[in-house]
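S.K.: Residue strings, one per chain:
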Amino acid sequence: MGIQFKDVSYAYKGLKVNYDAIQHINLNIDEKGEFIAIIGQTGSGKSTLVQHMNALLLPNSGNVVVFGQNLPPKKKEKINYLRQKVGLVFQFPEYQLFEETILKDIMFGPKNFKSTEAQATEMAKKAAKIVGIDESLYEQSPFRISGGQMRRVAIAGILAMEPEILVLDEPTRGLDPKGRRDLMAIFKELHEKENKTIILISHDMDLVSEFAKRVIVLKEGLLVFDGTKEKLFEHPDFDSFHLDLPTPLKILKYLEKNVGISYQPKYDFDSLLSYLKEVSHE
Amino acid sequence: MNNITIGQFIPGNSWLHKLDPRIKLLSLVILLVGTFLIPISVSAIPLITMLIIFVGIMILTASSGIPMRKVLNGLRPIVFLLTFTFFIQLFYVKTGSLVFDPIPMYISLTSIVGIILFLIFYNWSKKYIKTRILYFFFAAFMVFFIQASLPYVGFTSYTLYIYDEGLMRAGFIFVRITNVIIMTSLLTFTTMTTDLNYGIESLLKPLKVIKVPVDVIAMMLSLTLRYIPTLLGETEKIMKAQASRGVDFKESKLKDKVVQIISLLIPVFVISFKRAEDLGNAMEVRGYIIGAKRTRIDQYTIGFVDILSLVMAIVILGLIIYSKVIS
Numbered sequence: 001m002g003i004q005f006k007d008v009s010y011a012y013k014g015l016k017v018n019y020d021a022i023q024h025i026n027l028n029i030d031e032k033g034e035f036i037a038i039i040g041q042t043g044s045g046k047s048t049l050v051q052h053m054n055a056l057l058l059p060n061s062g063n064v065v066v067f068g069q070n071l072p073p074k075k076k077e078k079i080n081y082l083r084q085k086v087g088l089v090f091q092f093p094e095y096q097l098f099e100e101t102i103l104k105d106i107m108f109g110p111k112n113f114k115s116t117e118a119q120a121t122e123m124a125k126k127a128a129k130i131v132g133i134d135e136s137l138y139e140q141s142p143f144r145i146s147g148g149q150m151r152r153v154a155i156a157g158i159l160a161m162e163p164e165i166l167v168l169d170e171p172t173r174g175l176d177p178k179g180r181r182d183l184m185a186i187f188k189e190l191h192e193k194e195n196k197t198i199i200l201i202s203h204d205m206d207l208v209s210e211f212a213k214r215v216i217v218l219k220e221g222l223l224v225f226d227g228t229k230e231k232l233f234e235h236p237d238f239d240s241f242h243l244d245l246p247t248p249l250k251i252l253k254y255l256e257k258n259v260g261i262s263y264q265p266k267y268d269f270d271s272l273l274s275y276l277k278e279v280s281h282e
Numbered sequence: 001m002n003n004i005t006i007g008q009f010i011p012g013n014s015w016l017h018k019l020d021p022r023i024k025l026l027s028l029v030i031l032l033v034g035t036f037l038i039p040i041s042v043s044a045i046p047l048i049t050m051l052i053i054f055v056g057i058m059i060l061t062a063s064s065g066i067p068m069r070k071v072l073n074g075l076r077p078i079v080f081l082l083t084f085t086f087f088i089q090l091f092y093v094k095t096g097s098l099v100f101d102p103i104p105m106y107i108s109l110t111s112i113v114g115i116i117l118f119l120i121f122y123n124w125s126k127k128y129i130k131t132r133i134l135y136f137f138f139a140a141f142m143v144f145f146i147q148a149s150l151p152y153v154g155f156t157s158y159t160l161y162i163y164d165e166g167l168m169r170a171g172f173i174f175v176r177i178t179n180v181i182i183m184t185s186l187l188t189f190t191t192m193t194t195d196l197n198y199g200i201e202s203l204l205k206p207l208k209v210i211k212v213p214v215d216v217i218a219m220m221l222s223l224t225l226r227y228i229p230t231l232l233g234e235t236e237k238i239m240k241a242q243a244s245r246g247v248d249f250k251e252s253k254l255k256d257k258v259v260q261i262i263s264l265l266i267p268v269f270v271i272s273f274k275r276a277e278d279l280g281n282a283m284e285v286r287g288y289i290i291g292a293k294r295t296r297i298d299q300y301t302i303g304f305v306d307i308l309s310l311v312m313a314i315v316i317l318g319l320i321i322y323s324k325v326i327s
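Chains as they are written, first to last, in our numbering: chain A, 1 to 282; chain B, 1 to 327.
Because the hints were derived from the structure by calculation, they are not lab data. All values reported here derive from a predicted model rather than from experimental measurement. Any given hint might turn out to be false.
[Stated by the list, open to error] No more than 25 Å apart at the CA atoms, straight line, and that leaves these computed lysine-lysine pairs for DSS-like:
(1) 219(A) <-> 13(A)
(2) 114(A) <-> 255(B)
(3) 237(B) <-> 104(A)
(4) 237(B) <-> 219(A)
(5) 85(A) <-> 250(B)
(6) 6(A) <-> 76(A)
(7) 74(A) <-> 127(B)
(8) 253(B) <-> 74(A)
(9) 257(B) <-> 85(A)
Kindly produce the complete structure, drawing on both the sequences and the hints.
M.R.: See the structure below:
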């Protein structure tokens, strides 16, 4: 189960020419326990790729299999239910809010998937709790809270559908450093507690190195790397991906070159700090 | 969503592209007035003038380098209207002499079945036909042809009289609407929105005397045109976002449709306000002041070709009026 891509290509239709967005993608994503980061330059096809995962876009050629459902579907086959199984959070999701109250907006998703009013309310409250929306805000208008809170409400709107796989398109874009870390902590907790597969598009290499287990690199529509982050940062062709190293690795490389502390990959600041303490005690 | 062609400009280098936008607009208005002044009658002069104008427009199109297919595609939204008016004219004008002997028409089991079968065939086959507009006319004709040719197991019948005047009028109105549409679409095909905007602004300038804020209206017009694709893009994004929350825009009941449209409308509304505010600030930061005198980066000068085209348009209008007076 999970999501499989088999030689998938997609091109956007222009007036005269077609623009290839992704080409010949082969990919296998497990139903549980994955934390994947999709990275690549702007225009490399990341957003196009994730929109295939919940059937918003259908491949021009090749096959996507989402929870056993073959895409493109046969005639008259309904695919709407896939969007409950694979929850997709778009860039700047706060723009999709529209209901009168925050709670109603979070309930919108579950209600679309045939939950009763009581069930939907319960699911919405649970989701709101996960993203840290206070109970006193439930009856407020979603247009009268801060941008960071609006984003949390929008993400709760997807979480309330209780998707098996959560896909996030640059969820931390435009947030301040603290908001970024808080939001990532929520996804990490979801991943660790419920063993949910989380797929994340990000440009922030620090977040990728700290949270992701597996990294997929796209370059001009082609999948050029798929593997663990440890392998990615030691990859001999790393420079050809046009990516930046995460800050902890940069610091460690600098220290090795100029201070002579031996290089050991550390992927977040806490482990970097404890490693440096350890070294200085020796 | 992508086939909206308002103000679709096709880049080119023909004389029609280079024509001064003010002259182009003015000539268009004059020619449109001319086309509507031609009286509908069966006598030779109006018919010939109409056909001459039609041929002239075809020559104009050819000289502009716009592919004929694009121009004819502009007719697509009104094909239904054209056919409808054609047949109404044909059936309800009962003066003049008969063109054909009265044609008996049968509404019968066979003809109804025949029409249904033909319509199914039409719907299936139209995918493979390139000249769809012509094919649509053919289909409309066939509906009547089948009624005339399959009389078996009849329920009721009527007789179709086709008078020459009716045929003339129908054809005349048909050509007139076609002319008007092709002329206006030639304008939008060969003129950039900025140029068009300038043309409108300077043609409306006399209204400034009675305190009409012409430059503001022109700016609003050009911004509106400019933001159509942007807002369409935003709408598509919101549609996808709501689809991810389980909204099924394609297949659902009417009751659900209302909620779905609200879930689309409110975000787009909010976004367009936000965009407008951002744009307003951006314009002010760059020194836009309402009512202040502004200079342009492009200077428009009227040359020989411009004057010639305007004179030609006026001459055509004059001839039409003259022919109307003498007849």
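S.K.: Look at each hint and say if it fits the structure.
M.R.: Okay, the hints, checked on the actual structure:
1. For the hint linking residue 219(A) to residue 13(A), the alpha-carbon distance of about 20 Å falls within 25 Å, and the restraint holds.
2. Only pairs whose Cα atoms come within 25 Å are accepted, and residue 114(A) paired with residue 255(B) is accepted, the gap being roughly 14 Å.
3. Restraint check for residue 237(B) and residue 104(A): satisfied, since their Cα atoms lie roughly 21 Å apart, inside the 25 Å limit.
4. Among the hinted pairs, residue 237(B) with residue 219(A) is consistent with the structure: their alpha-carbon atoms are about 23 Å apart, no more than 25 Å.
5. For the suggested pair residue 85(A) and residue 250(B), the alpha carbons sit about 19 Å apart, so the restraint of at most 25 Å is met.
6. Restraint check for residue 6(A) and residue 76(A): satisfied, since their Cα atoms lie roughly 22 Å apart, inside the 25 Å limit.
7. Between residue 74(A) and residue 127(B), the direct Cα distance comes to roughly 20 Å. Compliance with the 25 Å bound is thereby established for this hinted pair.
8. A threshold of 25 Å between alpha carbons decides the hint, and for residue 253(B) with residue 74(A) the separation of about 22 Å falls inside it, so the pair holds.
9. Proximity of residue 257(B) to residue 85(A) is assessed by CA-CA distance (about 23 Å); at most 25 Å being required, the pair is judged to hold.
The structure meets every hint from the earlier list without exception.
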